[in-house]
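Trainee: As given, the protein sequences belong to chains G and A, one line each in that order. 238 is the number that our numbering gives to position 238 of the first sequence; each next residue is one higher, with no gaps. 343 is the number that our numbering gives to position 343 of the second sequence; each next residue is one higher, with no gaps.
Hints are not guaranteed to be accurate.
Remember, identical chains collapse to one label, so a pair may be satisfied in a single copy or spanning two.
Only pairs whose alpha carbons sit at most 20 Å apart, straight line, appear in this in silico EDC-like list of lysine to aspartate or glutamate [to be verified]: (1) Lys241 x Asp68; (2) Lys202 x Glu245; (3) Lys321 x Glu69; (4) Lys307 x Asp129; (5) Lys247 x Asp129; (6) Lys241 x Asp129; (7) Lys162 x Glu245.
The hints are simulated quantities; they were obtained by calculation from the structure and are not laboratory data. Only a predicted model underlies this, so the values are computations on that prediction, with no experimental measurement involved.
2 protein chains.
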Amino acid sequence: MRKTFALFFWFALLAFSQAPAPQQPLLVSPEIHADHRVTFRIQAPQADMVTFFGDWMPVGKQEKMTKDEQGVWSVTLGPLPPSIYLYSFTVDGVTMADPVNPRIKLRSRTSASMVEVPSDSPALWQERDVPHGMVAINWHTAKALGGGTRAVWVYTPPGYEKDTSRRYPVLYLFHGSNDTAAGWTLAGNANFILDNLLAEKKAVPMIVVMPYGHAVPFTAPRDQQAKNTALFEEYVLKDVKPLVESKFRTMTGREHRAIAGLSMGGGQAITIGFNHLDLFSSVAAMSAAVPADFETRFAQALRAPDKTNAQLKTLWIGCGKQDFLFDRSEKFSALLTANQIRHTFRPTEGLHTYTVWRQYLGEVLPLLFR
Amino acid sequence: MRKTFALFFWFALLAFSQAPAPQQPLLVSPEIHADHRVTFRIQAPQADMVTFFGDWMPVGKQEKMTKDEQGVWSVTLGPLPPSIYLYSFTVDGVTMADPVNPRIKLRSRTSASMVEVPSDSPALWQERDVPHGMVAINWHTAKALGGGTRAVWVYTPPGYEKDTSRRYPVLYLFHGSNDTAAGWTLAGNANFILDNLLAEKKAVPMIVVMPYGHAVPFTAPRDQQAKNTALFEEYVLKDVKPLVESKFRTMTGREHRAIAGLSMGGGQAITIGFNHLDLFSSVAAMSAAVPADFETRFAQALRAPDKTNAQLKTLWIGCGKQDFLFDRSEKFSALLTANQIRHTFRPTEGLHTYTVWRQYLGEVLPLLFR
């Protein structure tokens, strides 16, 4: 009987998913309380065990949820510091996004939900009533990858469309593994962060180019994954850069180009940046998968610190001390220091999450192009 | 033991969700076969019943899935005609998107997954190697709705950024209930449809404006939902139109504006269009939630067919004969006919899905602005 009811409920929701009026009363999840605690709920009357994972929790930990008489499982957690959090439910062994929360984290494979705990005093990453830039999705044929249509997300600053003679410097900004070209916008709020910095005159108006970082399909076998960075470099330089420079009013010359990324994208930014100091004058690596062979691969740059320091206006490395990749950033910084390569190393509190990356972007953008 | 393993599997996936290399071997879902049958799979070893719903199926029907020794449930369906389909799994009463398919249908509340069965001879809605327009996400403060930041998705045709003196006609294009401003792009392929029509010179280059249609929150009680169209009209006319006309090179004058939508958005297009024949010269309603009070509300337009016919260059009504809203479109067309209002009525095969709406958009766009 219960089963029948639950099925009917979902049929009804599906049936009316495009129809005018929603059914009442509706389950609320997530519910953010005034004190920044958050209640998560899922209706799963037939489940034996439902647990919760949020990306502020240690990996592997799951919070138990409890079931009420209506078959709704819930857990209240926090208070959580204002930020964005990714979370998922595991219902009898099946991990899933929150079925009633529209804020889905788009990924290359698995999905999760997002909850934003708003700040009482507007945070840098929060949308404010300031002039907003646009993010344009640009589809194109990825010739360097043998064809196929890909999307590059491109931020243009407020006023871009007004003064059609003005040209802008360009930041190439890469996402992490299992993320998409939409990640820095829809989870990272890169656009709002830059809007807010511009409104406060703390950053230079710039174009931000956000391509899709999986040149090799995310689901391809591991040996093929090893070629991803090299193939992505080809793609960025032969497809993305020409596309952006032909469609948008970019400034040319290395001093007007920076390259940055998080996790996998941080590794890509380091590799492509150091491979092409002729094209990029600043590199930022956030919680980066630093290339394991950096020391041998870029021995030339390490052996000529004066030249490298003259070329690199900004070399910024940030990582959360609780991040599983912290060790890589710390060793990378030590290697640079040992070779007298000027850089900023920012060990911060934090895990491998957008909470940290939003903060880092807010720190990096003001350093660029001035 | 099984439970422990399954949990560990998902912990591992979560842990490495931003890390470089995916685990192997990976479950494949959906798998599209050469004969256009599709296999859907989900790993749910502890589940008692897993069923499948696809939007080509009658509402309420569920296909049974069967479990293999590894706890993977699967079903092979079709062959399906080339198109886009939305689908979901119901695992012991919990309806969810496909956990391994990255193509999630973003909605206002529930989510589903999407599968695209490609056409052997490129369909109009399929991306081709032709010049692509962009879709720009424009954030702004919705003053007519009392504040808050909203996003309007705006398509600009190929070449828009080159000839900065050229101005374009504008189509306002609305989504259905429980959809989002992204729907016409990420599920409807409106951008590719227009790119392809432009490449074939079958449509006029135009700007397409896609706002978010839930002016009243989708989860608000039913009595508040009744005010949605009126509030949305305020929002479109006082916020969206001025935004678009100030940021993009639009042509002004009613002959350069059209209004269209699907389902709830079709109702909105009819209402806003007939309320403002001073602003719009064409109206298209796809599988529309035709306003129940059209006859009384727009009695004036019905009673003056000569004037109305002179104002309305195109009045297009399409609906699938198997759609639960077919009756409304049919009666609407009969009412118009009885009052000698010139229009096109296109009863087609089909349900209430993007399969139909992609087809309709391909039929409507060539009619506009010529």
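Trainee: What are the numbers of the hints the structure violates, in ascending order?
Mentor: 1, 2, 3 and 4
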